[in-house]
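Next come the chains, spelled out residue by residue.
There are 4 protein chains.
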Amino acid sequence: MQKIYVITAGGTIEKVYSEQTGNVQNLDSKIDRYFQMLRLPDAEIAVTHLMNKDSLEMTDADRTRVLAMVREKLADPAPVVITHGTDTMVETGLLLQSNLSELRYPIILTGAMTPLGFEGSDGLQNLTESLLAARVLPAGVYVVMHNQVFPVDRVRKDRELARFVWK
Amino acid sequence: MQKIYVITAGGTIEKVYSEQTGNVQNLDSKIDRYFQMLRLPDAEIAVTHLMNKDSLEMTDADRTRVLAMVREKLADPAPVVITHGTDTMVETGLLLQSNLSELRYPIILTGAMTPLGFEGSDGLQNLTESLLAARVLPAGVYVVMHNQVFPVDRVRKDRELARFVWK
Amino acid sequence: MQKIYVITAGGTIEKVYSEQTGNVQNLDSKIDRYFQMLRLPDAEIAVTHLMNKDSLEMTDADRTRVLAMVREKLADPAPVVITHGTDTMVETGLLLQSNLSELRYPIILTGAMTPLGFEGSDGLQNLTESLLAARVLPAGVYVVMHNQVFPVDRVRKDRELARFVWK
Amino acid sequence: MQKIYVITAGGTIEKVYSEQTGNVQNLDSKIDRYFQMLRLPDAEIAVTHLMNKDSLEMTDADRTRVLAMVREKLADPAPVVITHGTDTMVETGLLLQSNLSELRYPIILTGAMTPLGFEGSDGLQNLTESLLAARVLPAGVYVVMHNQVFPVDRVRKDRELARFVWK
Chain S
1 MQKIYVITAG GTIEKVYSEQ TGNVQNLDSK IDRYFQMLRL PDAEIAVTHL
51 MNKDSLEMTD ADRTRVLAMV REKLADPAPV VITHGTDTMV ETGLLLQSNL
101 SELRYPIILT GAMTPLGFEG SDGLQNLTES LLAARVLPAG VYVVMHNQVF
151 PVDRVRKDRE LARFVWK
Chain X
1 MQKIYVITAG GTIEKVYSEQ TGNVQNLDSK IDRYFQMLRL PDAEIAVTHL
51 MNKDSLEMTD ADRTRVLAMV REKLADPAPV VITHGTDTMV ETGLLLQSNL
101 SELRYPIILT GAMTPLGFEG SDGLQNLTES LLAARVLPAG VYVVMHNQVF
151 PVDRVRKDRE LARFVWK
Chain A
1 MQKIYVITAG GTIEKVYSEQ TGNVQNLDSK IDRYFQMLRL PDAEIAVTHL
51 MNKDSLEMTD ADRTRVLAMV REKLADPAPV VITHGTDTMV ETGLLLQSNL
101 SELRYPIILT GAMTPLGFEG SDGLQNLTES LLAARVLPAG VYVVMHNQVF
151 PVDRVRKDRE LARFVWK
Chain R
1 MQKIYVITAG GTIEKVYSEQ TGNVQNLDSK IDRYFQMLRL PDAEIAVTHL
51 MNKDSLEMTD ADRTRVLAMV REKLADPAPV VITHGTDTMV ETGLLLQSNL
101 SELRYPIILT GAMTPLGFEG SDGLQNLTES LLAARVLPAG VYVVMHNQVF
151 PVDRVRKDRE LARFVWK
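Residue numbers (the working numbering), protein chains in the order written: chain S, 1 to 167; chain X, 1 to 167; chain A, 1 to 167; chain R, 1 to 167.
If we strip away everything but chain S, and leave its shape as in the complex, we get (with noise of 0.2 Å):
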């Protein structure tokens, strides 16, 4: 049985429409729900739910909040699959990789361009991907989204293309 830590910081991946509002919020993370559409009979998630925020409106107080989970996991070390906001997943992702070292197992960033559970959303495949890349990527930080693997000093999000390039 494979541990993997699941740290969830908002962004449109855990969106919800408001009925209300007629907006989509980060109100109630919906991430659960989802795993349970998954079979994984060798995998531990074990979930965190750090925060639920557009990842516009990430501070450096909650970047630092990332890390210092990530941290705290890694006293007993598995792989890491981070959900976060892709506006500053890059961001955050290069505040982990300069601050861990010694690292053993994969930390992975992902998201989605449309909520989990809205048509054509891209959520669960990301999802999917990075449960997968937590098991078989090289110790290092890395976005993982749309069948693509991109180490995190060498990817950008191209805000037109609604997805992550090489830079």
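Keep in mind the hints are simulated off the structure, nothing from the lab.
C-beta atoms are modelled at their ideal positions from N, C-alpha and C, and glycine is treated no differently.
Check the hints yourself; a few may be wrong.
[Claimed, not checked] Under 7 Å between C-beta atoms, here's a sample of chain R residues computed to sit facing chain S:
| no. | residue |
| --- | --- |
| 1 | P41 |
| 2 | D42 |
| 3 | I45 |
| 4 | T48 |
| 5 | D122 |
| 6 | Q125 |
| 7 | E129 |
[Stated by the list, open to error] For lysine to aspartate or glutamate, the following EDC-like pairs were computed, each having C-alpha atoms within a straight-line distance of at most 20 Å:
| no. | chain 1 | residue 1 | chain 2 | residue 2 |
| --- | --- | --- | --- | --- |
| 8 | A | K53 | R | D42 |
| 9 | S | K157 | R | D42 |
| 10 | R | K157 | A | E19 |
[Claimed, not checked] Partial list, derived from the structure: chain S residues whose beta carbon lies under 7 Å from chain R:
| no. | residue |
| --- | --- |
| 11 | Q36 |
| 12 | L40 |
| 13 | Q148 |
Following the hints, put chains X, A and R in place on chain S, whose structure we already have.
Same frame as chain S, but now just chains X, A and R:
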């Protein structure tokens, strides 16, 4: 084969999630895709995309266009289903009721609290119900949603409950 | 609040895929899960799981049990929806029609050509239509599927077309 | 742009429900529809529909055809994903492993316990995982399903558990 007119006016039922803005908006009509999920072997669905507006932004002129389009269709009489934002659906329905006389078929207004294709959406349920109601209700103007049938002069939206109730 | 009785008798609508045998079978009732996908704020759905049979295997005794259950429910009169295999749905419906008199509400038989939850399934459409029909049809025994309403003595299944047609 | 060959051999993943027979069968390939649900902006998926068989009915000649097709593709080397029935997936994989030398990319066998598009299906998960694995695994022959990666000579199907396990 029963002809059923469908006139789309926008509203939440047709909203789409925009990856560029991160909001839900009335952009492209998507109702035709959802009709294709239904089996309608004895129905000829004639769809007219009239407008695609949040119903809070509909003007008197917009409502007059809806009325004119219904009149145009009724030259060749058949049931009419109008998809419409819920916030002013009753207002449009009352305009139809007071301006159309000697109806031979029902006119049904429907919509959704959550857009078609979003998790938990009531859109396909309401469409399905409205197409069935179009065949079996007597002549008149109705709101049909959530397994309820309301004559348009007996209904109001309850924003807090996110549904229609008797008035 | 409108009470609606639902009596489940099995049929394709309730079939599940068995990973052990690789076949679809009538094993566990799953209709309740699908009711939860519908918004029914003004309906009290009272479900009775009577049997779970492929309707080609239903015997005269089984049909008599359906009749007895409907009679039992009608002691406290309300509309009745019966989910049933399509192959002998009409046979059961005719039995009900000839044995029940002075009906005050409609009795609706429905089912599916493809099981609930399988791609392209008509099951949820037919359930949705039947629950709406239960509210608005006059007293009588009907088959409701695919946006059509048939009095039970006017309908037959067309196996080649995979649907019901007028007789 | 990464080319990935996909060779379809049938199996549960491609089974469809037949309304005429009431059984699930290998009739038409449906995998292309499911690829369209995935975002693969940097992958060129080259699909070859080789056969569509329940893997219990695959003969030695069938397995030789799979091997020949893989050889043909590897003339222009790229990763290969083979969708295949689970019952004899390992047998086909072992044939590939013993007959292909000097692989430069991974060859991945995958399938499903429940057909694509049926409620609870693992098919899209397994496809998603396999396409990611195709990019990141070292050369070799693997079974990839359910968030697990097995070298083909280390795996067996456990019918009771309805999944693959280490041997």
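Comparing the hints with the structure gives:
Below 7 Å, beta-carbon pairs count as interface contacts, and P41 of chain R has one with chain S at about 6 Å; its hint therefore holds. Given the 7 Å rule on beta carbons, the hint for D42 of chain R holds: about 5 Å separates it from the nearest Cβ of chain S. Given the 7 Å rule on beta carbons, the hint for I45 of chain R is violated: about 9 Å separates it from the nearest Cβ of chain S. Among the interface hints, the one on T48 of chain R is violated; its C-beta lies about 19 Å from the nearest C-beta in chain S, farther than the 7 Å criterion.
With its C-beta approaching chain S no nearer than about 5 Å, D122 of chain R sits inside the 7 Å limit, and its interface hint holds. Hint on Q125 of chain R holds. Least Cβ distance to chain S is approximately 5 Å, under the 7 Å limit. With a cut of 7 Å, the hint placing E129 of chain R at the interface with chain S holds, because the nearest CB-to-CB distance is about 5 Å. In summary, the hint linking K53 of chain A to D42 of chain R is not supported, as the alpha carbons are separated by about 49 Å, beyond the 20 Å threshold.
Pair hint K157 of chain S plus D42 of chain R holds up; C-alpha atoms about 14 Å apart against a cutoff of 20 Å. This hinted pair checks out: K157 of chain R and E19 of chain A have alpha carbons roughly 13 Å apart, not beyond 20 Å. The beta carbon of Q36 of chain S comes no nearer than 10 Å to any beta carbon in chain R, farther than 7 Å, and the hint placing it at the interface is violated. The restraint placing L40 of chain S at the interface with chain R holds, with a minimum CB-CB distance near 5 Å, inside the 7 Å limit.
Because the beta carbon of Q148 of chain S sits about 5 Å from the nearest beta carbon in chain R, less than 7 Å, this interface hint is met.
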